[in-house]
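**Q** If you want the building blocks of each chain, they are given just below.
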Amino acid sequence: MPWMLPTIWKNLFSRPVTRRYPFKDIREPFSGYRGKLHFDMEKCNLCSACAQLCPSNAIVVDKEAKTLKYNPFACIYCATCVEACPRKAITMDTHYSPPATVKSEETCRP
Amino acid sequence: MLPEPIHLKLELEDETVVGVTPIIGYIYRGIEKAGELNPFRNNVFLVERICGICSFTHALCYCEAVEKLMQVEVPPRARFIRLCWSELSRIHSHLLWLGLFADAMGFESLFMQCWRAREIILDISEMTAGHRIIQSTSIIGGIRRDIDKEMAKEVEHKLSDFKELMDNTVSPTVYNDPTIKRRTVGKGMLSKEQANLLGAVGPILRGSGVPLDIRQTGYAAYKETGFEPIVESDGDCYARTIVRLREIYQSRELILKALSLMPEGDISVTVRGNPPEGEMIHRAEQPRGEVVYYIKGNGTRNLDRLRVRTPTFANIPPLLTMLPGCELADVPVITLSIDPCIACTER
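In order, the protein sequence lines correspond to chains Y and C. My numbering numbers the first residue of the first sequence as 1 and each following residue consecutively. My numbering numbers the first residue of the second sequence as 1 and each following residue consecutively.
No lab work stands behind these hints, which were simulated from the structure alone. It cannot be assumed that every hint is accurate.
Quick list of in silico lysine to aspartate or glutamate cross-link-like pairs, DMTMM-like style, CA-CA up to 20 angstroms [to be verified]:
#1 Y:Lys43 <-> C:Glu108
#2 Y:Lys10 <-> C:Glu108
#3 Y:Lys88 <-> Y:Glu28
#4 Y:Lys36 <-> C:Glu108
#5 C:Lys158 <-> Y:Glu28
Computed from a prediction, not measured in an experiment: that's the story for all the values here.
Only chain C is shown next, with the shape it has when bound in the complex (with noise of 0.2 angstroms):
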């Protein structure tokens, strides 16, 4: 089961994958051009439509790469709230990728919970933001919506039922079911030296012993709350699996830190004029990787030219060199591992 339009062309010597061609390219959307032709505030909802999952994280990197080129700062508030909707969609990423790898192994319990556990993340993004997932709420200059202070405390209160969902449900299940441990131990190898090489991002690479996350750049208020990257070094589909459900912890903490040493003031300046002459190249992390934005204004409302580098096209490369070797029945399970986002891929 794989619920990603990617054709994977295995050959086979018996049960044993010898190689492995992808072919991409069935849900071509045209995305990037569209980004030209529409005015550039309007970009921010087109961007959000990449990606179905880390949709916020999209709009807060085009947010800053337009900021930056048109040298607009940011209140304060906005930075912190926009790094909570950032984690909160990291969370529920992970959580969604999790049942889904659950499910591909065969593990429909696990699943569940996974799914009755970013059903709580997907109330709070919902109670703040006003959507679930899709949520519309950054825009050039700041947010759109703010955190006040009773919901502060209602986001805390979810927050540690979460953490009691998680901890009673898929963390002990995650760490001690011989299931899972079967299934991906071993799996799916990468080292730290390949990973490195073929240019791997996000949890795949910090999963392969590498600490690189491009939340240690500092942007949104990342700098403010202080991060460290989470690594794991065994470079196997385990190793991916713990870097994710780790890092789901530290989504919860970063969110509780933002909320504790959020300042007062405004959340939007307002932003006059158009982007100027010239180019910007701007990054953030999203759940799955990197993800980079590159923006041309020339004047007018419209840009030059947009370009998105979304994490799973650096992850593919990585991908081929897993598969080779493995067992048939392990190539959904590999496979899923890098958590693809076919959609983000082609735009």
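Chain Y extracted, bound-state conformation (with noise of 0.2 angstroms):
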């Protein structure tokens, strides 16, 4: 097959084109990427509005101890809270959570 040969030979002296992930950084994902979640516990006033829109449930908020627990690894990333907030204090990055060896949950306090 002589017409594979010039491309036999190009690929054997060009760069990989797949990223050593996870020792070098993926592709800078677009702008409207829903990565991470923040809470902005300043302005936060512990309304649940987003523990009770949660599909997977991800967020619990407790009013007695005053914290509001998130767990990232049920969330789905369907910015459903960050659109019901009504103070604005959930945000989304562009990046995703990282791989992680333990399933564990943030707690937030105001």
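Dock the two chains into a complex; use the hints.
**A** This is how it looks when you write it as structure tokens:
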């Protein structure tokens, strides 16, 4: 198959097209990507609108203990909470949560 | 190599298949029951998880069924953008299938090229919807993200790159390569009469010469963009491959048309209250064929019943007709030619 030779020759000397994740970062996500959640507890008043609407019950608000517990492993990153928050206390960045060995919850306090 | 948990019990005479019994039930997840326990608005995110490939079409069909039951009029712009995402999911589903199909017959480089082209489509999904596959953008009453003019230009640009890549790599290979033809032409024959009789849907039905596609009913914005189903008459694995390849090009045209015809305006309406007492059936065309949603409301925020009939369930009987008489080595190719999604079938 002589017509394959240029491709083989090119592939022999070119750099790999894949990225060595997790040693090197992946390409920059698009600006609208729904990534990690951040809770601004200075703005939050524990109204629990986010917890009521969350489709996967990833957010639990305890008004007595004044805590907001967020489970990033249950979260489906649908951004319903971001849209529901009346105080705009929840934001999303454009990077997804890194893989982890332990499924831990985040506890936020005002 | 079959990337789906279906057990086909084959009866063989030498190398020829004489009988086949399908056994499914390995990945039942109870999604329909969960749909009754969930509030109806949250079900959108649940039904998206029925299938990891055509998830947007599931969400679209569920939303349209609830909207029909609640008599909600969705803004036209939302319908056009729903069409775009639905067609993007069709393109990436067909390319994923074509890659796996090539892999099943040992054609690794075509598999790579298909998935390379698919990456451009997934980038468009991520750019417009925020996620690559499970988009969570359709809601009851409309959509959650708009495609503005700048983004539409970027989409058009990426789609032209996609067409160039397809024209140079995937298409000529599928149309001209003797290996593909030898493995697919005349294999897994399904006549027009059998396809109709056994209730085949999607590219299997159209590959057997029946011009039936649910997009002809004009849901979402297919009425405005216009739609003609793609039909091949041979009824073998190659005809089904060509139907899907031509549908990839057709979907690209439909997206471009929808982006140019898209009217200005809102992308969603506020829907208050719960679904009233009553039943509703809605159909949509998934990449694999017709999906049917049945919902029964009772006036509360939970549905009385959510029932989903997915296309692979309808395509298993045709598969059982195609297999007897074939060679053992052709079983993976014929089975993959119906694009089986057992996760959908069992839910």
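**Q** Next step is simple, just say for each hint if it's right about the structure.
**A** Results for each hint:
| no. | hint | verdict |
| --- | --- | --- |
| 1 | Y:Lys43 <-> C:Glu108 | violated, 54 angstroms |
| 2 | Y:Lys10 <-> C:Glu108 | holds, 19 angstroms |
| 3 | Y:Lys88 <-> Y:Glu28 | violated, 25 angstroms |
| 4 | Y:Lys36 <-> C:Glu108 | violated, 36 angstroms |
| 5 | C:Lys158 <-> Y:Glu28 | holds, 17 angstroms |
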